[in-house]
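Peer 1: Letter by letter, the chains look like this.
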Amino acid sequence: MTTEALDARLQQVRTAIPILGTEVHGQPLVYLDNAATTQVPECVIQAMGDHLRTSNANVHRGTHALSIEATERMEKARASVARFLGAANPEEVVFAAGATDALNLLSSGLQGAVGPKDAVLVTQMEHHSNLSGWQALCARTGAELRVAPVDGEGSLDLKAFAELLDDKHVRIAAFAHASNVTGALNPIEELCSLARGAGALSVVDASQAMRQGTLDVTRIGCDFLAFSGHKMCGPTGIGVLYGRPEALERVAPSRFGGGMVSSVTLERTEAAPAPHGLEAGTPNIMGIVGLEAAVGYLEETGLGWVGERERHLTARLRQLLDGVDGIELLGPPEGTVGAVAVACRGLHPHDVASVLDRFGVAVRTGHHCAQPYLRALGHESVLRLSPAFYNTEGELAFAAESLERALSVVEGWEAR
Amino acid sequence: MSVVEEREQELMGNLTLLDDWFSQHEYLVSFARDLDVLPEADKQDCCKVAGCVSNAWVRTGLRDGGVHIRADSDSVVIRGIIGAISAMVEGATPQQVLAWEPRFLAHPALKEHVSADRKNGIGEILRLVKQGCAHR
Numbered sequence: 001m002t003t004e005a006l007d008a009r010l011q012q013v014r015t016a017i018p019i020l021g022t023e024v025h026g027q028p029l030v031y032l033d034n035a036a037t038t039q040v041p042e043c044v045i046q047a048m049g050d051h052l053r054t055s056n057a058n059v060h061r062g063t064h065a066l067s068i069e070a071t072e073r074m075e076k077a078r079a080s081v082a083r084f085l086g087a088a089n090p091e092e093v094v095f096a097a098g099a100t101d102a103l104n105l106l107s108s109g110l111q112g113a114v115g116p117k118d119a120v121l122v123t124q125m126e127h128h129s130n131l132s133g134w135q136a137l138c139a140r141t142g143a144e145l146r147v148a149p150v151d152g153e154g155s156l157d158l159k160a161f162a163e164l165l166d167d168k169h170v171r172i173a174a175f176a177h178a179s180n181v182t183g184a185l186n187p188i189e190e191l192c193s194l195a196r197g198a199g200a201l202s203v204v205d206a207s208q209a210m211r212q213g214t215l216d217v218t219r220i221g222c223d224f225l226a227f228s229g230h231k232m233c234g235p236t237g238i239g240v241l242y243g244r245p246e247a248l249e250r251v252a253p254s255r256f257g258g259g260m261v262s263s264v265t266l267e268r269t270e271a272a273p274a275p276h277g278l279e280a281g282t283p284n285i286m287g288i289v290g291l292e293a294a295v296g297y298l299e300e301t302g303l304g305w306v307g308e309r310e311r312h313l314t315a316r317l318r319q320l321l322d323g324v325d326g327i328e329l330l331g332p333p334e335g336t337v338g339a340v341a342v343a344c345r346g347l348h349p350h351d352v353a354s355v356l357d358r359f360g361v362a363v364r365t366g367h368h369c370a371q372p373y374l375r376a377l378g379h380e381s382v383l384r385l386s387p388a389f390y391n392t393e394g395e396l397a398f399a400a401e402s403l404e405r406a407l408s409v410v411e412g413w414e415a416r
Numbered sequence: 001m002s003v004v005e006e007r008e009q010e011l012m013g014n015l016t017l018l019d020d021w022f023s024q025h026e027y028l029v030s031f032a033r034d035l036d037v038l039p040e041a042d043k044q045d046c047c048k049v050a051g052c053v054s055n056a057w058v059r060t061g062l063r064d065g066g067v068h069i070r071a072d073s074d075s076v077v078i079r080g081i082i083g084a085i086s087a088m089v090e091g092a093t094p095q096q097v098l099a100w101e102p103r104f105l106a107h108p109a110l111k112e113h114v115s116a117d118r119k120n121g122i123g124e125i126l127r128l129v130k131q132g133c134a135h136r
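For the protein sequence lines, the chains are A and B, in the order given.
Using this note's numbering, you'd call the opening residue of the first sequence number 1 and step up by one each time.
Using this note's numbering, you'd call the opening residue of the second sequence number 1 and step up by one each time.
To be clear, the hints were calculated from the coordinates, so they are not data collected in a lab.
Some hints could be false.
Stated by the list, open to error - Beyond 10 Å from chain A on every Cβ pair, some chain B residues (computed):
| hint | residue |
| --- | --- |
| 1 | R63 |
| 2 | R70 |
| 3 | A87 |
| 4 | H107 |
Stated by the list, open to error - Covered, in the sense of this in silico footprint (three residues per stretch, anywhere, with C-beta under 8 Å from a C-beta of chain B), are these stretches of chain A:
| hint | region |
| --- | --- |
| 5 | 180–192 |
| 6 | 343–353 |
| 7 | 401–415 |
Claimed, not checked - So, partial list: chain B residues that the calculated Cβ filter (under 10 Å) puts toward chain A:
| hint | residue |
| --- | --- |
| 8 | F22 |
| 9 | H25 |
| 10 | E26 |
| 11 | V29 |
| 12 | S30 |
| 13 | R33 |
| 14 | Q44 |
| 15 | C46 |
| 16 | V53 |
| 17 | S54 |
| 18 | S73 |
| 19 | V77 |
| 20 | G80 |
| 21 | E112 |
| 22 | R118 |
No experiment lies behind these values; they were computed from the predicted model shown.
Here a beta-carbon is modelled for each residue, glycine too, at the ideal position from N, C-alpha and C.
Could you build the full structure based on these sequences and the hints that come with them?
Peer 2: Structural data, given as structure tokens:
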């Protein structure tokens, strides 16, 4: 593809996302907080608005035209997401409020799958949503929580991961596709294969990897996979739990009422089969419509292009930041995607980020919901810059220059 | 008007006179210079500010019969804000500090400087200062 064609596609992408033209504090917005939430194209906003304007009604068991249309929109979205994931059937897609909600559905619902002689395996790099729920499951059942460590660069120790599965006591192995802090990527096909070989259910937290190219759950070989709509250009409040049918059957409902029931007496409630049996209450129908539109947008933009561009931008950002004095870049030096974590020597990252904000540069600071991982990397609080495919190289260069200026400002304050 | 309220009014007046974010921020941070820094040995859990995005410790005591604060933080901005609070309450009676209803956080200049996360921390700092005065 020629540079001219690339620029035209990038311009088209940026034009499609209205918020990218915003100014903050009188400066053009340079949005580098995509690992927290991505920005939403006009077509997704339109789809949600259209639903509210023309088909807003509660779904399932309705007999009026609007309810039937809303139900059709929802189930069509389910089929679109299933196709997007390479799943065999729409019934393998359970709508949840986000990846955290999806992972909690599992850690609550798989209680019957583990006992006191069993173990649950997670990694040291997990987001709290793929750690805390498993801790609670182990506390309830007496199962052992095993943690595969990361190495000095923040990559998963694959040998240790495999060894922790050796005794065949692990029943559930849960791991991230990509770190939300350093962008370190895990070889999830290999991890799922190791889990399967040991007789464990595999749970992939794909939150940070949904823009990395075509995902195929059959090729990955996972039992479960969770992701959020708002990290792939969709709205907040919607996510997906994918499950292989035989695996989904093992997930007991943990929320009750609404569309998840099959029959109810005063003594007993029978749940509907998955996916509906795991979708209690009125769904976020507008969010589901938005998610489907986001899927369509990414497919039309070209998932291969999106993934390749994000890998390129992440590498370029690391390269630019490598030239900035007074900081330490965390995570593996190559092969990361979507996030660059920066430790500021002797300065508090929140102070630095507040100055960056005045320059229009949006980043995030803190432990990023991964306190054990941060501690393994030797830090409590770091800056995170997280590009997406719609950022420009000019924005990355501006962010690096702004970081230098911000560090200088805060160093000046410290010196007073 | 108590001495605490007078000093608070002066602080807010100075912030109003400074017309850009960086000048206002430098003014706040300048209060860190005169903060009586808490030694490491005194940074205990009982005086650690909970819910703050930075690490901060605040101890309220008496010096020559008036309130005196010793504190520290790994954030220069928080040290500045604690320093400003310390300057406002220094030498006041515990009763004056307890009766004080802080207004400075609602000042337009400070609303822009202090993120929601930090507002929680500063609220906790003010609570610790008052708690330290409560039994004196």
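Peer 1: Against this structure, judge whether each hint is valid.
Peer 2: Here is what the structure says about each hint:
The Cβ of B:R63 sits about 24 Å from the closest Cβ of chain A, beyond the 10 Å cut-off, so the non-interface label holds. At roughly 19 Å, the least C-beta separation between B:R70 and chain A is larger than 10 Å, which holds for a residue marked as non-interface. Consistency note on B:A87: stated as away from chain A, and its beta-carbon is indeed over 10 Å from all of that chain's, at 15 Å minimum. Under the 10 Å C-beta cut-off, the non-interface status given to B:H107 relative to chain A holds; the minimum distance is some 17 Å.
Under the rule that three or more residues need a Cβ within less than 8 Å of chain B, the assignment of the region 180–192 of chain A is violated, with 0 such residues. With 4 residues having a beta carbon nearer than 8 Å to a beta carbon of chain B, the region 343–353 of chain A meets the requirement of three or more and the stated coverage holds. Interface restraint, the region 401–415 of chain A with chain B: holds (4 residues with C-beta to C-beta distance below 8 Å; minimum three). Hint status for B:F22: holds, given a least beta-carbon distance of 7 Å to chain A, under 10 Å.
For B:H25, the interface hint holds, since its Cβ comes within 10 Å of a Cβ in chain A; the closest pair sits about 8 Å apart. With a least beta-carbon distance of about 7 Å to chain A, the hint placing B:E26 at the interface is held under the 10 Å criterion. The restraint placing B:V29 at the interface with chain A holds, with a minimum CB-CB distance near 4 Å, inside the 10 Å limit. Taken as an interface hint, B:S30 checks out: its beta carbon lies about 6 Å from the nearest beta carbon of chain A, inside 10 Å.
Because the beta carbon of B:R33 sits about 6 Å from the nearest beta carbon in chain A, less than 10 Å, this interface hint is met. Hint on B:Q44 is violated. Least Cβ distance to chain A is approximately 18 Å, over the 10 Å limit. For B:C46, the shortest C-beta to C-beta distance to chain A is roughly 20 Å, which exceeds 10 Å, and the interface hint is violated. Proximity of B:V53 to chain A holds as hinted, the smallest CB-CB distance being about 5 Å (cut-off 10 Å).
Taking 10 Å as the C-beta contact cut-off toward chain A, the hint placing B:S54 at the interface holds, the least distance being around 5 Å. With its C-beta approaching chain A no nearer than about 8 Å, B:S73 sits inside the 10 Å limit, and its interface hint holds. Because the beta carbon of B:V77 sits about 5 Å from the nearest beta carbon in chain A, less than 10 Å, this interface hint is met. Against a cut-off of 10 Å between C-beta atoms, the interface hint on B:G80 holds, since the closest Cβ of chain A lies about 8 Å away.
Annotation: interface hint on B:E112 holds; nearest CB of chain A at approximately 9 Å, less than 10 Å. Because the closest C-beta pair between B:R118 and chain A is about 7 Å apart, less than 10 Å, the hint holds.
Checked against the numbered hints above, the structure violates hints 5, 14, 15; every other hint is satisfied.
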